[in-house]
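Residue strings, one per chain:
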Amino acid sequence: MTNAPILTVEHLSMRFGGLVAVDDLSFSAREGEITALIGPNGAGKTTVFNCITGFYKPTEGRMALRHGNPAIFEELAALTASSLRSRHRQDGALYLLERMPDYLVTQKARVARTFQNIRLFRGMTVLENLLVAQHNPLMKASGMTLFGVFGLPVYTHAEHHAEEKAAKWLERIDLLDRADDPAGDLPYGAQRRLEIARAMCTDPVLLCLDEPAAGLNPRESAELNDLLLSIRDETGTSILLIEHDMSVVMQISDHIVVLDYGVKISDGVREEVRNDPKVIAAYLGVEDEEVEKVSSEVGL
Amino acid sequence: MEMPPSASATRVDVPRALKDAAIAGLLAFGMFLPLIGFRTYQTMSNELALEGRPGLLAIFVGLVMAASLLGSLVVRPLAERRAAMRKPGASVHAARMRATIAKWFTPFALGFMVLYPFMVWSFAGTQGSVKWIDNFGIQVLIYIMLGWGLNIVVGLAGLLDLGYVAFYAVGAYSYALLAKEFGLSFWILLPLAGILSAFWGILLGFPVLRLRGDYLAIVTLAFGEIIRLVLINWVDFTNGYAGISSIPRPSFFGIPFNADDDGFAAVFGLEFTPLYRTVFLYYIILGLALLTAFVTLRLRRLPVGRAWEALREDEIACRSLGVNTTNTKLTAFATGAMFGGFAGSFFAARQGFISPESFTFVESAMILAIVVLGGMGSMIGVAIAAVVMIGGTEIMRDLDFLKLVFGADFDPTQYRMLLFGIAMVLIMIWKPRGFISTRDPTAYLKERKTVAATFVKEGRG
Chain S
0 MTNAPILTVE
10 HLSMRFGGLV
20 AVDDLSFSAR
30 EGEITALIGP
40 NGAGKTTVFN
50 CITGFYKPTE
60 GRMALRHGNP
70 AIFEELAALT
80 ASSLRSRHRQ
90 DGALYLLERM
100 PDYLVTQKAR
110 VARTFQNIRL
120 FRGMTVLENL
130 LVAQHNPLMK
140 ASGMTLFGVF
150 GLPVYTHAEH
160 HAEEKAAKWL
170 ERIDLLDRAD
180 DPAGDLPYGA
190 QRRLEIARAM
200 CTDPVLLCLD
210 EPAAGLNPRE
220 SAELNDLLLS
230 IRDETGTSIL
240 LIEHDMSVVM
250 QISDHIVVLD
260 YGVKISDGVR
270 EEVRNDPKVI
280 AAYLGVEDEE
290 VEKVSSEVGL
Chain G
0 MEMPPSASAT
10 RVDVPRALKD
20 AAIAGLLAFG
30 MFLPLIGFRT
40 YQTMSNELAL
50 EGRPGLLAIF
60 VGLVMAASLL
70 GSLVVRPLAE
80 RRAAMRKPGA
90 SVHAARMRAT
100 IAKWFTPFAL
110 GFMVLYPFMV
120 WSFAGTQGSV
130 KWIDNFGIQV
140 LIYIMLGWGL
150 NIVVGLAGLL
160 DLGYVAFYAV
170 GAYSYALLAK
180 EFGLSFWILL
190 PLAGILSAFW
200 GILLGFPVLR
210 LRGDYLAIVT
220 LAFGEIIRLV
230 LINWVDFTNG
240 YAGISSIPRP
250 SFFGIPFNAD
260 DDGFAAVFGL
270 EFTPLYRTVF
280 LYYIILGLAL
290 LTAFVTLRLR
300 RLPVGRAWEA
310 LREDEIACRS
320 LGVNTTNTKL
330 TAFATGAMFG
340 GFAGSFFAAR
350 QGFISPESFT
360 FVESAMILAI
370 VVLGGMGSMI
380 GVAIAAVVMI
390 GGTEIMRDLD
400 FLKLVFGADF
410 DPTQYRMLLF
420 GIAMVLIMIW
430 KPRGFISTRD
440 PTAYLKERKT
450 VAATFVKEGR
460 G
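Protein chains in written order, with numbering that gives the first Met the number 0: chain S, 0 to 299; chain G, 0 to 460.
Just so you know, the hints here were simulated from the structure itself, not pulled from any lab data.
Quick caveat, the model's predicted, so the values are computed rather than measured.
Some hints here could point you the wrong way.
Said to hold, decoys possible - Beta-carbon label-pair distances, calculated as ranges:
| id | chain 1 | residue 1 | chain 2 | residue 2 | range |
| --- | --- | --- | --- | --- | --- |
| 1 | S | Phe15 | G | Ala82 | 39 to 45 Å |
| 2 | S | His87 | G | Glu457 | 55 to 61 Å |
| 3 | G | Gly286 | S | Lys167 | 55 to 61 Å |
| 4 | S | Tyr187 | G | Val361 | 27 to 33 Å |
| 5 | G | Glu446 | S | Gly142 | 47 to 53 Å |
| 6 | G | Ala78 | S | Asn40 | 22 to 28 Å |
| 7 | G | Ile201 | S | Gly142 | 16 to 22 Å |
| 8 | S | Tyr187 | G | Leu418 | 29 to 35 Å |
| 9 | S | Phe15 | G | Leu17 | 56 to 62 Å |
| 10 | S | His87 | G | Leu202 | 34 to 40 Å |
| 11 | S | Asn40 | G | Met416 | 42 to 48 Å |
| 12 | G | Leu418 | S | Phe15 | 40 to 46 Å |
| 13 | S | Tyr187 | G | Met96 | 30 to 36 Å |
| 14 | G | Ile201 | S | Pro100 | 53 to 59 Å |
Using N, Cα and C, we set each Cβ at its ideal position, and we do this for glycine too.
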């Protein structure tokens with residue numbers, strides 16, 4: 000059984016001057032699944048991420064994200080024709096991500112992301128990092144600061160709740176003991192986990208991870224796999240990830256999209272992609288011996 | 000007996016020290032030659048003449064060389080020996096002592112500030128204490144408040160603002176003009192001046208939202224200058240260079256501080272002295288400064304304050320978490336500007352006279368120096384820096400003791416800025432990230448641990 004898509008990317012192109020970073024890319028990420036975006040260095044994966052999360056405005060293309068009932072995609076044509084960013088119905092909502100600024104992509108469309116080079120608030124404690132992630136609900140509870148300044152119970156209650164949620168995530172990523180230490184003081188692997196937990200504290204429907212396994216040792220990689228699988232299975236959050244580490248990609252992704260020079264060269268479940276000669280050629284180079292070497296690595 | 004390697008490393012290297020001192024002396028000679036070595040004066044026939052001052056120059060160069068020798072022969076070996084002798088347990092002991100000091104410092108400082116006018120009064124008498132409460136107490140508190148206000152923008156949000164004095168000016172002119180024009184009281188105009196300044200803060204905020212670092216600094220600097228030039232040139236409105244005089248003074252619940260029959264002294268059956276007004280003003284600015292501190296401490300623990308600090312740490316990460324960075328920056332500018340406006344309207348009410356001269360770039364630089372020297376983001380650090388910088392400058396007004404060193408015709412007031420600069424350089428060598436560089440977390444699960452300075456970012460814009 001395949002799930003309905005939660006994000007559809009259609010004809011996405013991103014050009015920087017004369018450079019075409021992403022060229023007419025279409026794919027979809029399905030609800031409750033882990034979709035991996037892979038490709039050699041410079042293939043345009045991070046550019047796709049930056050477009051989805053609103054950091055770049057794509058040159059062309061449509062990126063639609065839904066909440067609720069998959070049938071909401073019926074509204075896509077009407078929404079595109081309008082000049083609105085989103086369309087809400089009783090049973091769900093549809094967002095056009097290319098029309099939204101970065102912070103609204105997280106705030107309204109609830110797409111969260113992590114970064115290839117970790118971007119934690121290093122001078123703030125681990126707990127504070129997770130509280131900043133809950134900025135919007137807390138801001139609302141503090142009555143845009145007004146209730147908060149006077150210390151009204153509405154706000155203290157909300158803050159307590161936010162701390163509990165943070166503690167829950169810290170327990171999950173095994174960092175509860177270090178809650179009151181500065182985030183910059185954590186070892187590398189823990190920083191990676193914390194960044195994922197911080198993104199999860201924004202209550203996303205889609206979590207975008209940019210190379211979450213980069214720099215991790217095999218044991219940490221395995222732990223990361225478990226964490227991502229548990230996020231998928233327990234919170235129902237769909238995951239879109241960029242990854243170079245094949246042990247992560249091949250073990251946990253339900254669906255793989257392969258990019259090379261900004262163009263999609265393959266798209267399918269693990270086995271399909273693994274056996275696709277175009278992928279092997281692009282990803283591993285065309286030398287026969289290299290193909291063999293890596294084929295054996297990925298267990299072909 | 001064999002010396003351990005660490006002990007031999009601390010042995011004093013005399014030739015090297017002498018070489019260093021000679022280099023320092025040479026540098027000092029080059030620098031002080033035009034500054035101190037010569038003096039221009041007017042002759043009887045109105046001609047400008049140059050007079051050499053080799054003696055004074057020699058004293059200065061000698062002082063620098065002596066300081067260099069002292070540093071390399073005494074201070075550095077001592078510090079190294081102490082570092083080598085430090086026992087493992089000593090740092091724990093020192094940390095505990097530091098924690099105790101930190102715990103008692105705030106209540107002690109608060110008590111001192113509240114009692115300060117009375118202590119001065121009892122020591123210096125009615126005549127002598129006006130100077131100490133006004134020039135020293137009130138002046139320092141104004142700068143503490145300005146420092147705390149700018150600390151929100153620079154220290155918390157990490158936005159380098161070189162034109163903060165503009166908001167101080169807006170507050171001062173708002174009070175002066177509205178009080179003279181409409182006769183409104185200080186207590187109505189104080190919040191109004193704050194609101195007007197906050198409005199100007201937002202107005203400045205909009206164009207600079209996309210700027211960071213050096214570019215932001217330049218634009219804010221220009222903004223400060225624009226406000227000052229408008230104040231100078233819009234003569235119909237602001238009276239230009241001449242400034243605004245006889246600004247109404249705040250009254251004690253409607254009772255003015257004057258020698259009349261319905262004045263403060265007469266109503267309370269006291270003998271008239273200008274001291275009452277000074278003490279009253281002192282408590283107003285103390286209250287305003289404490290309000291600033293209270294609000295800032297509260298805001299830091301609210302989402303908006305955390306967003307400010309997160310913005311300083313990493314703006315892109317902020318946006319990826321759904322924080323509206325535009326609003327966050329604007330609130331920082333507006334809040335900082337508001338406190339600047341409060342301080343400005345107090346300044347106008349206290350002086351009774353304001354002119355554009357009071358709002359030059361040097362003021363902005365001074366306030367920024369207080370924030371940087373105190374340790375960005377630290378309230379106590381900023382307060383200490385304000386006391387050192389402003390209090391220090393005030394004390395340096397009486398430098399008569401220097402005449403003993405340099406001779407009777409030496410004018411110490413001319414060297415105020417030089418000494419001031421030396422003091423700042425020394426402080427920055429000793430504490431490169433300000434007096435208090437650690438950061439207090441705004442929330443904790445089990446234990447409140449301060450965040451070491453190495454992790455805290457200074458902000459890139």
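Hint-by-hint comparison with the structure:
no. : hint                              : in the structure
1   : S:Phe15 <-> G:Ala82: 39 to 45 Å   : 52 Å, violated
2   : S:His87 <-> G:Glu457: 55 to 61 Å  : 43 Å, violated
3   : G:Gly286 <-> S:Lys167: 55 to 61 Å : 43 Å, violated
4   : S:Tyr187 <-> G:Val361: 27 to 33 Å : 46 Å, violated
5   : G:Glu446 <-> S:Gly142: 47 to 53 Å : 30 Å, violated
6   : G:Ala78 <-> S:Asn40: 22 to 28 Å   : 49 Å, violated
7   : G:Ile201 <-> S:Gly142: 16 to 22 Å : 20 Å, holds
8   : S:Tyr187 <-> G:Leu418: 29 to 35 Å : 48 Å, violated
9   : S:Phe15 <-> G:Leu17: 56 to 62 Å   : 60 Å, holds
10  : S:His87 <-> G:Leu202: 34 to 40 Å  : 35 Å, holds
11  : S:Asn40 <-> G:Met416: 42 to 48 Å  : 56 Å, violated
12  : G:Leu418 <-> S:Phe15: 40 to 46 Å  : 54 Å, violated
13  : S:Tyr187 <-> G:Met96: 30 to 36 Å  : 35 Å, holds
14  : G:Ile201 <-> S:Pro100: 53 to 59 Å : 19 Å, violated
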